[in-house]
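**Q** Listed here are the chains, written in short residue letters.
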Amino acid sequence: MHITKLLTIAALFIATNAHSLTAQEVKAIAVGDTDARVEALAKAMPTADDKTGAFLQALSDDAVKLSGDTVLIRQGDKALDPVTGAELPMPETLDDVINNNRMRGEIDSALAALKLFSKDDAVRRAAVKQLQSDADESKLPLIEKALATEQNTLIKEELSLVRAAALLGSADKGKRMGAAQLLASSGQANVKTMLLARLDQETEPDVKAAVGKALREVESRLAWGDRLGAMFSGVSLGSILLLVALGLAITYGLMGVINMAHGELMMIGAYATYVVQGVFQKYLPGAFDWYLLAAVPVAFMASALMGVLLERTVLRFLYGRPLETLLATWGISLMLMQLVRTVFGAQNVGVENPSWMSGGVQVMGNLSLPYNRLIIIGFALFVLGAVAWMIGKTRLGLFVRGVTQNRPIASCMGVNTARIDTYAFALGSGIAGLAGCALSQVGNVGPDLGQGYIVDAFMVVVLGGVGQLAGTVYAALGLGILNKFLEGWVGAVLAKIAVLVFIIIFIQKRPQGIFAMKGRSAEA
Amino acid sequence: MNSLVSNHSSQPAGAAVDTSALQLPAVCPLLSRAGWVTFLVALIVVCAVAPVLNLWVPEGSVFHLSDYGVGLLGRIMCYAICALAMDLIWGFTGILSLGHGLFFALGGYVMGMYLMRQIGTDGNYKSNLPDFMVFLDWKELPWHWSLSHSFAATLFLIVAVPGLIAFVFGYFAFRSRIKGVYFSIITQAMTFAAMLLFFRNETGFGGNNGFTDFKRIAGIAIATPSMRMTLFVMTGITLLGFFLMARWLVRSKFGRVLQAVRDAETRVMFSGYNPLGYKLTIWTLSAMMCGVAGALYVPQVGIINPGEMSPANSIEIAIWAAVGGRATLIGPVLGAFIVSGAKSWLTVAYPEFWLYFLGALFIGVTLYLPDGVVGLVKRVWRSKATKAGDKA
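Chains as they are written, first to last, in this note's numbering: chain E, 794 to 1317; chain S, 1047 to 1438.
If you're looking for bench data, these hints aren't it; they were derived computationally from the structure. Each hint should be verified, as a subset may be incorrect.
Unchecked claim - To give an idea of the chain E side of the interface with chain S (calculated C-beta under 8 Å), a few residues: (1) Leu1116; (2) Glu1117; (3) Ile1125; (4) Leu1127; (5) Met1130; (6) Val1136; (7) Gln1140; (8) Val1142; (9) Val1255; (10) Val1283; (11) Val1286; (12) Leu1293; (13) Ile1296.
Claimed, not checked - Computed list of lysine-lysine pairs in DSS-like fashion (alpha-carbon distance at most 27 Å, straight line): (14) E:Lys922 <-> E:Lys871; (15) E:Lys1302 <-> S:Lys1225; (16) S:Lys1225 <-> E:Lys1289; (17) E:Lys844 <-> E:Lys912; (18) E:Lys938 <-> E:Lys968; (19) E:Lys858 <-> E:Lys871.
Unchecked claim - Listing some non-contacts, in silico: residues in chain E with all C-beta distances to chain S over 10 Å: (20) Gln923; (21) Glu937; (22) Leu940; (23) Asp993; (24) Glu995; (25) Glu1010; (26) Arg1014; (27) Asp1019; (28) Ser1026; (29) Leu1102; (30) Arg1134; (31) Ser1204.
By construction, the Cβ of each residue, glycine as well, lies at the ideal position given by its N, Cα and C atoms.
Isolated chain E, as found in the complex:
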């Protein structure tokens, strides 16, 4: 429906310009010295149509040839007339049309302008984008024409901004004023650059004032975009920290196991994702886009099984000796890292985003939200919900809470505490695997993947308060947002240091974290 409408309009548009590409124009554009050719091209542009586009494309592809005085387009072993499109007899000798760099630039920008009339929305949008950077008055008639026929409101809006940008360089003072007012509503970084450049050149005081005002408005909008962007990346980092710390909140917070191998369990999840990707590439290339859905349970199971193995063989003997657990799990982490190095090599492996995860939503001129980040935020919320449900509503959760609060009494009530320990540790490890699966979509997958996150994960759990899921959520989001805002202010490394120092100081003030467990123990 939409397309037919566009087609009709395009047809109308071509019909109203009965005078389209002429033989004189073709010759003027193809032959002569560069100045004359550029001028001819500029002259032909306002009346350009599909044929002009095809001709310019051929010119750009070096398919336009000369045979004596005739200009023709060579297509394979055929020769076509650029004006009529009819086939011509192939001449004996063909001369190349030489385009120097200046001519090429002009041709490319003219082609971009012509793409404004493409029937494909995406092509038109791209053309508008390209024009934004080199809009000047010579392209104004074309822009006006495109504006008149444009149906897509989004593209229309952008196009009117481009028009304003082109007008900004106009010789007419009134037009410049109008353009400045129009541009004030924009929120794009390149509009700011444009206005800044104009502000430097402008001599008329009122125009200068108008441009300055527009600039301030654009800047404030940009600043908002930046702030919201920092907020979003903060939430995004927070969601990753949450995923990383959730598993630890169970193994450390609820069970009291200092699992330094938590990062390596995440690494196992990430490598499980990599393996699933490989399997899909090899056996199910058609369904490759959906490998991630299969990778989620596989990553969970791989890490959970590794967790069971660790719990049954090592950690079981170390309950109640947290410092020893710390050393033993550190040893486990070293061995797991070396194991992965032996199996997959020391280099990072490539994990691709499925196509539905690339791209993003453009919210403001300088603020776009990538899909993979959005999906990870959603995924973190989903995992959080599942864990909260599991701990709060299921029988296993009840047992875990019971064992956490009072192991001997839970045991007296008939709870198999050793089995509950194994299940809880497997759950925590499995969540680490899910975190690894998510991390494989935003970062590098290598043997050192876990090392980069382990300090952060412990910080989140300790800050949030041990034994608290809610505390973990607040701590993860708080640290994520704090980190990103500081990053915009002092740079990434100093922000990280500042956050660590903040946590160290915070722990001094509130050793039990944001949410303290209430109890009467003297050994708090």
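Once you've looked at the hints, dock chain S against the given chain E.
**A** Using the frame of chain E, we list chain S on its own:
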């Protein structure tokens, strides 16, 4: 250090117990007869035998100690000092620090700054400033380099800088009664944060390249065999000296309180002691020992960079103490020799297996050898003794 200890005994809490009627266990001698003999043998080996074997025995001889061997042993003795420091704080006071690598590196950096200044104008850029500053286009030394020209100030700062940082950090941590795993984790955060800071060029510590290319120490060329031997002997004497000091410390009343804090801190508090001063003193002292070890280490290996502050290095110090046997003083020293020796052999002979070995060591020691190698030896001796007793 001295002022800290005396500060302690003047605390009223410490004096309260002396007046009680309880009989304290008899104070054992500093070292047993066999202990003194071993100590003297070790001293002679370090000060006389090793230099003779290295410098005067010809290279082809079986008894010749190679330069590589001197370097390796010197390095391991620095590690042993760290392990000893770790033992005081972990084995005897029950506080596991995962940040001792920071104090080691700080001592190393103070020494490194002095060594950088000793290069003088012999650097690549022939400038009075260290090469990396010329590279960064700095015109003068930053403020924290102002004392680095003086050897005496450097010797003072080697203990003062780690000591001060440990004191401030420990004061706040112990005052708010952070202990156990919490303390371990925030010390790890501390060394991690410091590592990130030292990696930056603008901090003025040479960024990720750190300091290297040293030429001389106190005006004497650093890369000569005699200088290497001098550093080796100094490290050995320092290690033995620290050993005696630690021994004296743990058998004093102060040491007994430390062990009581380790075993039941709440009871110590209920008995009228304030553990803050005890913990803080041993923590600061331990950090200073690590600083000295770092300062001895840097001229021997010829480089210091922020990698020394990575959390992994600090955990490795803990494993030396654990492998040898916590709460015994000879254990951690042995542990440092065993683990580092195995490392220098395995990383060359079987590079892929080193991490497996280290990981297995961590797990095995915590599961099967809670008292380390020394505990194992003791157990074997005891079972032999009982067997012999049964036969008789």
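**Q** A separate judgement is required for each hint: does it hold in the structure or not?
**A** Each hint, compared with the structure:
Of the supplied interface hints, the one on E:Leu1116 holds, with its beta-carbon coming within about 5 Å of a beta-carbon of chain S, less than 8 Å. For E:Glu1117, the suggested interface contact is upheld, since its CB lies about 4 Å from the closest CB of chain S, less than 8 Å. Interface hint at E:Ile1125: satisfied, since its Cβ lies 6 Å from the closest Cβ of chain S, which is below the 8 Å cut-off. Because the beta carbon of E:Leu1127 sits about 4 Å from the nearest beta carbon in chain S, less than 8 Å, this interface hint is met.
Taken as an interface hint, E:Met1130 checks out: its beta carbon lies about 7 Å from the nearest beta carbon of chain S, inside 8 Å. Of the supplied interface hints, the one on E:Val1136 is violated, with its beta-carbon coming no nearer than about 12 Å to a beta-carbon of chain S, more than 8 Å. For E:Gln1140, the suggested interface contact is broken, since its CB lies about 15 Å from the closest CB of chain S, more than 8 Å. At a threshold of 8 Å, the smallest CB-CB gap from E:Val1142 to chain S is about 18 Å, leaving the interface hint violated.
For E:Val1255, the shortest C-beta to C-beta distance to chain S is roughly 6 Å, which falls under 8 Å, so the interface hint holds. Hint status for E:Val1283 relative to chain S: violated, with the closest Cβ pair at about 11 Å, above 8 Å. Taken as an interface hint, E:Val1286 checks out: its beta carbon lies about 5 Å from the nearest beta carbon of chain S, inside 8 Å. Interface hint status for E:Leu1293: upheld, as the beta-carbon distance to the closest one in chain S is roughly 4 Å, under 8 Å.
Checking E:Ile1296 against chain S: minimum C-beta separation of about 6 Å stays under 8 Å; hint holds. For the hint linking E:Lys922 to E:Lys871, the alpha-carbon distance of about 35 Å lies beyond 27 Å, and the restraint is violated. Between E:Lys1302 and S:Lys1225 the alpha-carbon distance is near 14 Å, which keeps this suggested pair within the 27 Å criterion. A threshold of 27 Å between alpha carbons decides the hint, and for S:Lys1225 with E:Lys1289 the separation of about 24 Å falls inside it, so the pair holds.
A hinted pair counts as satisfied when its Cα atoms are at most 27 Å apart, and E:Lys844 with E:Lys912 qualifies at roughly 15 Å. With a C-alpha separation of about 18 Å, the suggested pairing of E:Lys938 with E:Lys968 holds against the 27 Å cut-off. In summary, the hint linking E:Lys858 to E:Lys871 is supported, as the alpha carbons are separated by about 12 Å, within the 27 Å threshold. The claim that E:Gln923 is not at the interface with chain S holds, since no C-beta of that chain comes within 10 Å of its own (minimum 39 Å).
With a cut of 10 Å on Cβ distances, E:Glu937 stays outside the contact zone with chain S, its closest approach being about 53 Å. Every Cβ of chain S is farther than 10 Å from the Cβ of E:Leu940; the closest lies at roughly 51 Å, confirming the non-interface assignment. Annotated as non-interface, E:Asp993 keeps its C-beta farther than 10 Å from every C-beta of chain S; the closest such distance is 30 Å. For E:Glu995, the shortest C-beta to C-beta distance to chain S comes to about 38 Å, beyond the 10 Å cut-off, and the non-interface label holds.
With a minimum CB-CB distance of about 36 Å to chain S, E:Glu1010 clears the 10 Å threshold, and the non-interface call stands. For E:Arg1014, the condition that its CB be more than 10 Å from all CB atoms of chain S holds, with the nearest at approximately 33 Å. The Cβ of E:Asp1019 lies farther than 10 Å from every Cβ of chain S, with a closest approach of about 24 Å, so its non-interface assignment holds. Distance check on E:Ser1026: its Cβ is at least 19 Å (rounded) from any Cβ of chain S, clearing the 10 Å threshold; non-interface status holds.
For E:Leu1102, the non-interface assignment is confirmed: its Cβ lies about 13 Å from the closest Cβ of chain S, beyond the 10 Å cut-off. Separation of E:Arg1134 from chain S is inadequate, the least Cβ-Cβ distance of about 8 Å not exceeding the 10 Å criterion. The non-interface label for E:Ser1204 is consistent with chain S: the shortest C-beta to C-beta separation is roughly 23 Å, beyond 10 Å.
Checked against the numbered hints given earlier, this structure breaks hints 6, 7, 8, 10, 14 and 30; the rest are met.
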